[in-house]
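Engineer: Protein sequence lines correspond, in order, to chains A and B. Residue numbers 1 to 704, in UniProt numbering, belong to the letters of the first sequence in order. Residue numbers 1 to 704, in UniProt numbering, belong to the letters of the second sequence in order.
Heads up, some of the hints might be wrong.
[Stated by the list, open to error] Covered, in the sense of this in silico footprint (three residues per stretch, anywhere, with C-beta under 8 Å from a C-beta of chain A), are these stretches of chain B:
1. 123-134
2. 181-187
3. 199-212
4. 348-357
5. 622-631
No lab work stands behind these hints, which were simulated from the structure alone. Please read these numbers as outputs of a predicted model, since none were measured by experiment. Glycine included, C-beta positions come from ideal geometry on N, C-alpha and C.
Number of protein chains: 2
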Amino acid sequence: MDPREVIERARAEGRTALTAPEGRLLCEAYGIATPGEGLAGSAGEAAEIAEKIGLPVVLKIVSPDILHKTDAGGVLVGLRTAEEVREGYGTVLANARAYNPGAKIDGVQVQQLVGGGHEVIVGAVTDPTFGKVVAFGLGGVLVEVLKDVTFRLAPVSGDDALAMLDDIRAAEVLRGARGAEPVDRAALAGLIERVGRLVTDHPEIAEVDLNPVFADARGAVAADVRIIVGDRPEEVRRLPREEILRQMTRIFKPRSVAVIGASAENGKIGNSVMRNLIDGGYRGRILPINPKADEILGLPAYKSIADVPGDVDVAVFAIPAKFVAAALEEAGEKGVAGAIMIPSGFAETGNAEGQREIVEIARRHGVRVLGPNIYGYYYTPENLCATFCTPYDVRGSVALTSQSGGIGMAILGFSRTTRMGVSAIVGVGNKADVDEDDLLTFFEQDDNTKAVAMHLEDLKDGRGFVAAARRVVREKPVIVLKAGRTAMGARAAGSHTGALAGDDKVYDDILRQAGVVRAPGLNDMLEYARALPLLPAPRGENVVIITGAGGSGVLLSDACVDAGLTLMDIPPDLDTAFRAYIPPFGAAGNPIDITGGEPPSTYGNTVRLGLADERIHALVLGYWHTIVTPPMVFAELVARVVAEEKEKGNVKPVVASLAGDTEVEEACEYLFEHGVVAYPYTTEKPVAVLGAKYRWARAAGLLR
Amino acid sequence: MDPREVIERARAEGRTALTAPEGRLLCEAYGIATPGEGLAGSAGEAAEIAEKIGLPVVLKIVSPDILHKTDAGGVLVGLRTAEEVREGYGTVLANARAYNPGAKIDGVQVQQLVGGGHEVIVGAVTDPTFGKVVAFGLGGVLVEVLKDVTFRLAPVSGDDALAMLDDIRAAEVLRGARGAEPVDRAALAGLIERVGRLVTDHPEIAEVDLNPVFADARGAVAADVRIIVGDRPEEVRRLPREEILRQMTRIFKPRSVAVIGASAENGKIGNSVMRNLIDGGYRGRILPINPKADEILGLPAYKSIADVPGDVDVAVFAIPAKFVAAALEEAGEKGVAGAIMIPSGFAETGNAEGQREIVEIARRHGVRVLGPNIYGYYYTPENLCATFCTPYDVRGSVALTSQSGGIGMAILGFSRTTRMGVSAIVGVGNKADVDEDDLLTFFEQDDNTKAVAMHLEDLKDGRGFVAAARRVVREKPVIVLKAGRTAMGARAAGSHTGALAGDDKVYDDILRQAGVVRAPGLNDMLEYARALPLLPAPRGENVVIITGAGGSGVLLSDACVDAGLTLMDIPPDLDTAFRAYIPPFGAAGNPIDITGGEPPSTYGNTVRLGLADERIHALVLGYWHTIVTPPMVFAELVARVVAEEKEKGNVKPVVASLAGDTEVEEACEYLFEHGVVAYPYTTEKPVAVLGAKYRWARAAGLLR
């Protein structure tokens, strides 16, 4: 029978769980090995099947009315002779009848007893964000108590399936740790891949649980198959990339911006937006819309957007929610590309209906809606501050987005205090329409943007995000702060795999696979955003620590291990070369401890050597404040050496930790301005930033 | 045979590994269950023994001439009846004779067959820092691949042994997860306790490996015993607490400080120390010692410390290493309590001999040596800046120590920039003599010190530290930054347990047991040091988040889970009470989302309720910068409400995360000054600090 028919029959019968034989049929159709078996209608038939498929066997009652077979005494394990099978048939049948006298009994399943090797779990679930997702883990305690499981979007390629085997903490076990038999990796990966194809081809399959799968050096057999079916998930509506780009370009580089609800009155949102557009230096047309004014802040005002001569690219809404729908109709008729929906009072206050209404109006007119419930957006290359906050003008190359207004304000404050250069700051708010993948699609091709950092609480379309992120990551880092990490969704799960698919583990695995650099917290996101665009990409994994303080060296080494960085094993000739510059009681090796109290030349020589030797790929500097080499002397020296070596083509990421009195703060600012990511009073932060840069570089394929 | 004799015999024979029967003897002497066994000389005797110790059994030929028993057919496993044992005896004997007709045969060993239940490992090692340490873990993959193991100082109390069962990641398994049989916890803990006593009573035992131990509902049996013996470790020299305290009090509260190598010449260390003592405002006698000067910086100078009239409490050394020994002899003869040994050029540059020499001189005179190779020390209650750095005068209640000069400088810079109030900053450098337990002994009883933060790379006397820390922690938090976390010592190990005892895991478990709050990095240590003394101790685990930004609320919740905090389950009456103050679309529950755009009164009412309701034990505030409630309005309001509720006896820790434009920085400073730990642009840091406070409060027994 065709898999489609199997599924349809179950659905037609109102069943969500497929029977074991049905599950087996699906497995067979996809080349997923299951134990040999047959359905027996009599004791003699059972013995015959057992001898054919090979003893020992398991007997299981088959009845649509008996779900918990074991409770019913409907399972017998390890029958070793034809005689035992014959007797067992009677026992199972009698037990089942005693348990539920009315049960319809289809027969007794005779199944080859498999076991030995490694017990693993392969499954699939339908994730609300990402759709079909495949899971893999080692069976037993490891997956159930320690949750040692890994997820991937379905379908899974052969390479990805192989990578999954290495992505669990106990991966070593499958390679034959403790004298265990190594598994046939190709066979096990193949089985994972097949499960991915099965659920991709048949979206009606909600969950698959192959648990246990027995994997050994000879192959992988799914001993137990549990498949749950449901409704076909709705298709996600996605616009073609070109259309997104066309609209987003009009939104970020508008020739004209209308402010609906523009006001001359201080304290009004429509006044703040007008001021910020003007004070920010936006050079396109600014069009105040207000039925009661002729002029606002020196600019001619219009009663309605319809009255504006010529095209309008963007309409910023600064009016109460109840007036939005009518104004949006007008803006749509006018042909605006983007409606910047500042007003609150939609889904976030329970007004989901109002939100649906504006989305419907916007769709009808082909208008993209940013928000509602946002602070607006900034795009510095156009001097565009379409927001009710304050202008921000430090141009730079990172684009930041936030789902929450509070986080947006934190981005703005942090940017201002650190003078972080940004290309864009965008509030996405309720994400009624424009979401992160739309923005990624724009930033991907935006030459003003070299890195993207996004705060998000959820994704409307996980797959759309992954696809966009994968493209962007090839060229630019994408940093994500996913809030709600620890809120394990209380999910009604019909399978083991479902129970394991806590929101965050799925997010974490899939974002990592998409090449996204996940920030563990808000401050990390901000620091990564500030620092990553400044650092050149590393060309290899060899990191060297050069430190004036042995104490910092130890802490920097700890931090490198935490950040997944590789401390270079310094070859003898390089060791000799470093030793030539440091005191005899200093330590070459890695960290290179140049010792305290050294003059600037010792820092200069060793840093220069570190930049010049092509076997070294990144430097971590530990500075110790002394009278001999004061903080600003160190900063200027390092900046100069880095610049000189850059001239010679020696471009490498350099980060620094400065330990000293308060002058080190100024020195760090100076270094930052000169492309060296430096922090005072912390050994962790500079290394964490370097680690983030490396995570991106690996995802972008730069270190293969 | 007495355990002592067993060990001595092995050592006399030049053996380090005990034989299986020897190991068994030691186990028996300590009540550690091993499988029952006996040596049979006849088939009848074999059956008799088997029935006595319990069937099933294993039979093994015992012959000095047959090493590979299995190859000789000399092992039979799983004999279930007396009859099988009788027959088996003959089989084993016949096989052995066929294998080696000339073999001398001592008999057949009859051994109880154990297995089933849970396979666990119990062991002990001799740690270079902590001495005898007991280990526990689940056997197999969990301990060997995932290193899921826990350590405690030996001896282990019954309660600690029980706690060890819960301290592994897979603890659930022993409680019967996945339908497994729960173990007899008392029996297993008893076995751990006995191993602790065994190695404590017999320090010559270097390592113990009971692997596997089979633990089930009926008990715990060590199926395999491996014991390694060696030399008795040296006893650690410890001074009586009273003596330490007498000396430390003279050092921290000296009536007179001599500066050996005092100088009038700018740039000299002996000049900086003099200036800092004078400029710092020290009010005791300052005694410059310099053979070539009559007066230094306006103070009469002495040729030698011997010439000083009256007692001298402290001598600060500011002379080159080569002159130290002679000057220390003089200082010793003068009866100083402390030699503050700033000079470098000792063990850290390879001059271990020079360091040993000064320790010997100091011991002879009863002088305590701080250093060498340090920046000196500060003790603000006495205005004492005995250091070559710069004076620091912000009095406060945290004492900080560092093993590295660079980290000391970072402490100073951070303190100055955050205006952190400190009682002491102390460099311990090479720790030739004074170490962390000496300092803890002083800070324990120092009313000027409410918290202690220590950077350390190693401990000279781990047990001394633990004993001191345990005492201090009852009253004051002890924060430790242990550097070298990730440098797993490459340790020559003769056992499984030894191989598992990587430096950091042992440190981590034992520091935690001592009640120490371990800081993950330098900046964390500094922030904990700054914030912990400001926060009152919580009286219970119920944490409530009140936030103006939903986005911050989600991130703050994540941070609470990360920090091991418990988000209170708000009871219905309290929920109603909160709802009365927030807009209808806000969310009570926890986080309490008061929504953005709210006036100060909403923050005020909810924070007041949070402080007043006695079921709530700590508050985490999330502020969102708006025009309606600007940052300083929020800060002053919260400070006022906290102060008012404090008047009423409602004293609780309050931390805050401020999201907004740069004005939030000033607001955070204001809040900090008013006892509310507040940070801008981060949701993680305030919660991490609260988490650290809670870790201490739990260790101090305040939350039981």
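Engineer: Any hints from earlier that this structure breaks? Give me their numbers in increasing order, please.
Structural biologist: Result: hints 1, 2 and 3 break, sorted rising.
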